[in-house]
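Trainee: Number 39 in the working numbering belongs to position 39 of the sequence shown; there are no gaps in the numbering.
Take the hints with a grain of salt, since some may be wrong.
Derived SDA-like pairs (lysine to any residue); straight-line CA-CA distance at most 25 Å [claimed, not checked]:
#, residue 1, residue 2
1, Lys22, Ile45
2, Lys76, Ile20
3, Lys57, Leu17
4, Lys57, Ile97
5, Lys33, Lys82
6, Lys22, Lys57
7, Lys82, Asn26
8, Lys82, Gln38
9, Lys22, Met11
No lab work stands behind these hints: they were computed from the structure.
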Amino acid sequence: MLTNLKEGGLMNEMERLEYIAKMAENLPTLRTKLNMTQEELANLIGVSRSTVILFEKGQRSMTWNTFLSLILIFSKNSDTNKLMKALDIYTDELEEILGGNQ
Numbered sequence: 001m002l003t004n005l006k007e008g009g010l011m012n013e014m015e016r017l018e019y020i021a022k023m024a025e026n027l028p029t030l031r032t033k034l035n036m037t038q039e040e041l042a043n044l045i046g047v048s049r050s051t052v053i054l055f056e057k058g059q060r061s062m063t064w065n066t067f068l069s070l071i072l073i074f075s076k077n078s079d080t081n082k083l084m085k086a087l088d089i090y091t092d093e094l095e096e097i098l099g100g101n102q
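Whenever a hint applies, use it, and build me the whole structure from the sequences.
Mentor: Here you go:
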């Protein structure tokens with residue numbers, strides 16, 4: 001679990017990259033849990049389907065803004081919210097920094 005969050009709710013680049021890596025690794029599972037196609041997810045987060053494919057294959061790193069967009073989408077569903085918490089993608093610390101459940 002990521003626990004080295006700085007005072008004032010800020011994270012360093014290394015911490016952000018750890019969150020992003022966990023999201024990318026579990027993106028196919030989260031997406032399919034919502035019965036969402038790659039195309040549908042791409043449209044929601046403002047990227048191409050091929051970009052989502054590259055995220056899912058670990059061949060392209062997502063930006064922090066893309067990560068936050070995914071958090072917003074997946075935190076709205078109780079199943080994917082719980083799964084993100086179980087996988088340490090959406091930790092209590094991150095939730096606190098982001099101001100609670102989106």
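Trainee: If a hint holds in the structure, say so; if it does not, say that too.
Mentor: Hint check results:
no.	hint	in the structure
1	Lys22 <-> Ile45	18 Å, holds
2	Lys76 <-> Ile20	19 Å, holds
3	Lys57 <-> Leu17	16 Å, holds
4	Lys57 <-> Ile97	28 Å, violated
5	Lys33 <-> Lys82	11 Å, holds
6	Lys22 <-> Lys57	13 Å, holds
7	Lys82 <-> Asn26	13 Å, holds
8	Lys82 <-> Gln38	21 Å, holds
9	Lys22 <-> Met11	16 Å, holds
The structure shown violates just one earlier hint, number 4.
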